[in-house]
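> Listed here are the chains, written in short residue letters.
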Amino acid sequence: MEETGMGLRLIPASFFMLIEDMKGRIFSSGIEHKKARWGWIFIIPSLAFFSLFSFYPIFNALYTSLFTKKLLSLARPRFIGIDNYVYLLQSPDFWNSIRATVVFTLGTFVPMVVFSLIFALFIMSRKRFQKFFQMAYYSPAVLSSVVVAAIWLLMLDPRGLANQWVNFILNTPGIDHKWLADSAMVQISTMMVYFWKYVGYFTIIFLVGLGSIPKSIHEAARTDGAGGWTDFWYITLPLLKPTTVLVSIMSMLQCLKTFSTQYLFTQGGAPMEPINVITLNLYYTTIRDRSIGLASAMSIILFCMMLFFTWLQFKTFRSEEVHY
Amino acid sequence: MFYNDVSSMGGDMMKKLYIFSMMVLFFTVTVSAAVAEVELTYWTHEDPNRTEIENRYIKEFETANPGVKVNRVTSPSGKMAEKVLTAFAANRGPDMFNMEIEQEYAYIVNRRLAPIDFKAVGYPSDKAIYDAYLPRVLDPATLEGKLYGLPLELTNWCIYVNDRIFKSAGLDPAKDTPKTWEDMVAVSEKIVIREGQIIKRRGFDFRYPYYLVSMVPMVEQLGGKLISDDGKKAIINDQAWIKFLTFMKEWGPNGKNLGSPTYTPARTLFNKDKNDIAMCESGLYQQGRISKDNPEFYNSKEWRVIPYPVFKNAVKNVAGNYYGHYFVVNAEKPKENQQMTWKLIGYMLSHAEEYLSKVGLIQPTLKLVKSDTYKAMPYANVFKEDMERGHIVYYGENSAKIQDQIREAVESVMLAGASPEGALEKLKRRAQEALEER
Numbered sequence: 017m018e019e020t021g022m023g024l025r026l027i028p029a030s031f032f033m034l035i036e037d038m039k040g041r042i043f044s045s046g047i048e049h050k051k052a053r054w055g056w057i058f059i060i061p062s063l064a065f066f067s068l069f070s071f072y073p074i075f076n077a078l079y080t081s082l083f084t085k086k087l088l089s090l091a092r093p094r095f096i097g098i099d100n101y102v103y104l105l106q107s108p109d110f111w112n113s114i115r116a117t118v119v120f121t122l123g124t125f126v127p128m129v130v131f132s133l134i135f136a137l138f139i140m141s142r143k144r145f146q147k148f149f150q151m152a153y154y155s156p157a158v159l160s161s162v163v164v165a166a167i168w169l170l171m172l173d174p175r176g177l178a179n180q181w182v183n184f185i186l187n188t189p190g191i192d193h194k195w196l197a198d199s200a201m202v203q204i205s206t207m208m209v210y211f212w213k214y215v216g217y218f219t220i221i222f223l224v225g226l227g228s229i230p231k232s233i234h235e236a237a238r239t240d241g242a243g244g245w246t247d248f249w250y251i252t253l254p255l256l257k258p259t260t261v262l263v264s265i266m267s268m269l270q271c272l273k274t275f276s277t278q279y280l281f282t283q284g285g286a287p288m289e290p291i292n293v294i295t296l297n298l299y300y301t302t303i304r305d306r307s308i309g310l311a312s313a314m315s316i317i318l319f320c321m322m323l324f325f326t327w328l329q330f331k332t333f334r335s336e337e338v339h340y
Numbered sequence: 021m022f023y024n025d026v027s028s029m030g031g032d033m034m035k036k037l038y039i040f041s042m043m044v045l046f047f048t049v050t051v052s053a054a055v056a057e058v059e060l061t062y063w064t065h066e067d068p069n070r071t072e073i074e075n076r077y078i079k080e081f082e083t084a085n086p087g088v089k090v091n092r093v094t095s096p097s098g099k100m101a102e103k104v105l106t107a108f109a110a111n112r113g114p115d116m117f118n119m120e121i122e123q124e125y126a127y128i129v130n131r132r133l134a135p136i137d138f139k140a141v142g143y144p145s146d147k148a149i150y151d152a153y154l155p156r157v158l159d160p161a162t163l164e165g166k167l168y169g170l171p172l173e174l175t176n177w178c179i180y181v182n183d184r185i186f187k188s189a190g191l192d193p194a195k196d197t198p199k200t201w202e203d204m205v206a207v208s209e210k211i212v213i214r215e216g217q218i219i220k221r222r223g224f225d226f227r228y229p230y231y232l233v234s235m236v237p238m239v240e241q242l243g244g245k246l247i248s249d250d251g252k253k254a255i256i257n258d259q260a261w262i263k264f265l266t267f268m269k270e271w272g273p274n275g276k277n278l279g280s281p282t283y284t285p286a287r288t289l290f291n292k293d294k295n296d297i298a299m300c301e302s303g304l305y306q307q308g309r310i311s312k313d314n315p316e317f318y319n320s321k322e323w324r325v326i327p328y329p330v331f332k333n334a335v336k337n338v339a340g341n342y343y344g345h346y347f348v349v350n351a352e353k354p355k356e357n358q359q360m361t362w363k364l365i366g367y368m369l370s371h372a373e374e375y376l377s378k379v380g381l382i383q384p385t386l387k388l389v390k391s392d393t394y395k396a397m398p399y400a401n402v403f404k405e406d407m408e409r410g411h412i413v414y415y416g417e418n419s420a421k422i423q424d425q426i427r428e429a430v431e432s433v434m435l436a437g438a439s440p441e442g443a444l445e446k447l448k449r450r451a452q453e454a455l456e457e458r
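Keeping their order, the protein sequence lines are chains A and B. Each position in the first sequence, counted from 1, maps to that position plus 16 in our numbering. Each position in the second sequence, counted from 1, maps to that position plus 20 in our numbering.
Just chain A, with the same shape it has in the complex (with noise of 0.2 Å):
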C-alpha cells in the first residue's frame, strides 16, 4: 500500500498510547481491573480468531483490488490503483448481478422476517406440540445446501412435484410453470428455495424473543381489557424490538450472500442472468476468468453494501429501547 509519512508518524504514537492505557487497565490493581483483566483474557482468543480469520481476509481483499493479479499467472501482480472498480462500475454485467442480489435480498428477507414472526406466534399459541412445530419448521434449516437445491431442482423439473401440485390446485392440466427456464419465474423459484430452508431458523429466534417477554406484562394488559391484536401490537411487538432487529440484520447479510442457490440452479440447466448475483458472478470471475483482483473488487464492493444496509437498518429502528 501507499505510505504517507504523516500518517506513519502518528501511528506509532497512538499505538503505544494504547498499549500503555491496556497495561494500566490490565496489570493495575483493584477489583474492577482485576475483572476487566478477566475479561480481556477470555475475549482476546476470539478477537485473535476474528482478526485471522475476518478482519485479515478483509483487508488483504481490499489490497489485491487495488492490483492486476491473474490466479495462475507467476508474474507479478501490476498496481492499478481503483481500475478495477472503475471497470466494475461501468460494467453492465456487474449491475445485472447488482440487481439481481436486490431484488432477490428483498423479495426474501422482507417474507422472512414476517413470516418467521406469524410462525413463532402460531407455535406459541398452540398449547400442543409446540415442539414438534419447531421442529418442523427448522429442520430444512439443518439440510446442507446441495440437498436442498437437489431436492428442488428435482421438483422444479417441468415433469416434477411443483408443477403436478399447482396445475391440481388451479386446474390447469398440462400447464409447464417454468420454474427454471423463465426469468421471473428462476427468481421467484431460487427465493422460494431459500425462504423453504431458512424461515425456520429465525422462527426459533422469535420464539427465544417472545418467550423472553414476562408473562405478567401480557397479564396485566389483559387485566386492563386489552385484546389480542392491541396486545400484539403495543406490548409484544415494541418489546420485540431488538430480536426483530437481530433476525431482519441476518436475513438481509444472508441473503446479500446468497451462492449456493444460485449456483446450483445454474448448473442443474437454469438460465444465469436473471439470477447471476454478486457472490457469483465473483465466484465466476475467480474460478473461470481467474481475475482474483477484479473479484476481490466485486467482494469490497460488497462488503461495502452491507455495511450500508445494516447501518440504514439500525437507523430506521433506532429508538429508545421500550421497558414495561
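What the hints contain is simulated information worked out from the structure, not anything from laboratory work. Worth double-checking, as some hints may not be accurate.
[As the list claims (entries may be wrong)] Listed below are the simulated DSS-like cross-link pairs for lysine-lysine, each with C-alpha atoms no more than 27 Å apart in a straight line:
| # | chain 1 | residue 1 | chain 2 | residue 2 |
| --- | --- | --- | --- | --- |
| 1 | A | Lys273 | B | Lys103 |
| 2 | B | Lys387 | A | Lys86 |
| 3 | A | Lys86 | B | Lys199 |
| 4 | B | Lys199 | B | Lys187 |
| 5 | B | Lys353 | A | Lys86 |
| 6 | B | Lys387 | B | Lys139 |
| 7 | B | Lys294 | B | Lys199 |
| 8 | B | Lys139 | A | Lys273 |
| 9 | B | Lys187 | A | Lys86 |
| 10 | B | Lys103 | A | Lys86 |
Computed from a prediction, not measured in an experiment: that's the story for all the values here.
Given chain A, put chain B in place with the hints provided.
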C-alpha cells in the same frame, strides 16, 4: 550410599534406553526414506471403468519402480477445474492431472506445466512422439515448439439413437434417422410426447452447456466462426449466428417446445431406456456406460450411432468439434518427480487398446487407429469419419468465459424470449472483451 548406587544405575539405564530409542528412530526414518523416495499425486475425474484399469496400471508401475508411490485422487468432472486451480494458486498442485484442453491451456500459457521428457515417456525424440500420433492432435498442447501434454482421450460426439423409441413412433431407424438439423426437428416432432406444455418424451436434446464442442460447429456449417483466423476478432458472420440463434429459439419452450436446458440431460436418461429420450449426443465412451448401466439394452443392439447432422443449406460440412483430455505434469515439482510422472504417463498410455475396449477412450495414436481393437469397436468408423470432418474445439486463455457467454446468448433466446439480433449484439461485445482480456 545404597540410594546413590540405585540412582546411578537408574541413570545409566535411562541413558541406554535413550540412545537405543534414538537409534530405532533414526533407523526407521532412514529406512522409510529409502523405501518411499518419490510420492506422486495424480488427480483425475471420476469414471468407474477407467478407475479399474488405472489402479491396476499404478500397482504394476509401483512394483516395477520400487520407491515410487502413486496416489490417485478422483473428483466429479465438473469440480476438477476449481480444485486444480485452487491447488495451483496455493502452489499445492498435484504432480499430474488431466482436464479438457480448454481448461488446461491456461496452465500451459502461464508456464505452470513441465514440457515433456520424451525419454521418460519412452520415445527416442520429440519428433518421434509427433510421428506416433495422428496429425495435429498434439497441437493444442504445444507452445513455442515444446510439447506439454499427451492425450488421455480425444473425443468427439455423434448421435446415439434408441431404435425401440423410433419404432414405437412409427419410424424406421434404418431409414428415418436425421441427416440434417431440419430432419432432426421433423423427427423430434414425430417422437415427442407432451402433456400440455410439459414434455414427457423428447426426440433429441442438445448437450447443454458444452456450447463450444456441440453448437459452435452448427454456426460453422452456416458460414460463421467463433474467432477470426488472425485470432483478433470474435463472432464472425452475423447472419450465420442469427440463423443459429433462431434455430435454438425455435427448438426451445417458447418455440416448437422440443427440449430445454432445464430438463434432465439427454445423455443421463439415454442409457436407462425408459422411453423418455430417443437420441442424445455423446462419445464413444457412452457405449461402455450403456453396457454397465443397462446390459440388456446394450446387448439387444437396438441402438445405433449416426453422424453429426448438417444444415440443409450448409456452407461447410463440419461435424461436432472434438476435445481432448491431456495428461500434464506440474512444473513446480522436483525434477525427479517430474521425470517419474512422465514415466508413469508413458506406461499408462502404452495400454491404448485397453483404454479403448474397456473405457471407450480413443488415444489418437496411429497404432491404435490401425488396430483390430479399434476396428472392432461398434460404430468406430462413424466417430472416425466425424472426427475427420471436425476440428479441435476452440481453446484459449478465456475459452471458458466465451463458452459461458454463448450459453447466456442461447438461454436468452430460448428461455427469456430475447430476439436473436439483440442476443447477438450482446454476445459480440462480451466475447470481444473476453478475447482482448478487457
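> For each hint, tell me whether it holds in the structure or not.
Hint check:
Taking the CA atoms of A/Lys273 and B/Lys103, the gap is near 22 Å; set against the 27 Å cutoff, the hint holds. Only pairs whose Cα atoms come within 27 Å are accepted, and B/Lys387 paired with A/Lys86 is rejected, the gap being roughly 40 Å. A threshold of 27 Å between alpha carbons decides the hint, and for A/Lys86 with B/Lys199 the separation of about 45 Å lies outside it, so the pair is violated. Taking the CA atoms of B/Lys199 and B/Lys187, the gap is about 18 Å. The hint holds against a cut of 27 Å.
Taking the CA atoms of B/Lys353 and A/Lys86, the gap is about 21 Å. The hint holds against a cut of 27 Å. With a C-alpha separation of about 19 Å, the suggested pair B/Lys387 and B/Lys139 falls inside the 27 Å cut-off, and the hint holds. Between the alpha carbons of B/Lys294 and B/Lys199 the distance comes to roughly 25 Å, so the proposed pair stays at or under 27 Å and holds. Of the supplied pair hints, the one linking B/Lys139 and A/Lys273 is violated, its CA atoms being roughly 52 Å apart against a limit of 27 Å.
Restraint check for B/Lys187 and A/Lys86: the C-alpha separation of about 54 Å exceeds 27 Å, so the hint is violated. Taking the CA atoms of B/Lys103 and A/Lys86, the gap is near 16 Å; set against the 27 Å cutoff, the hint holds.
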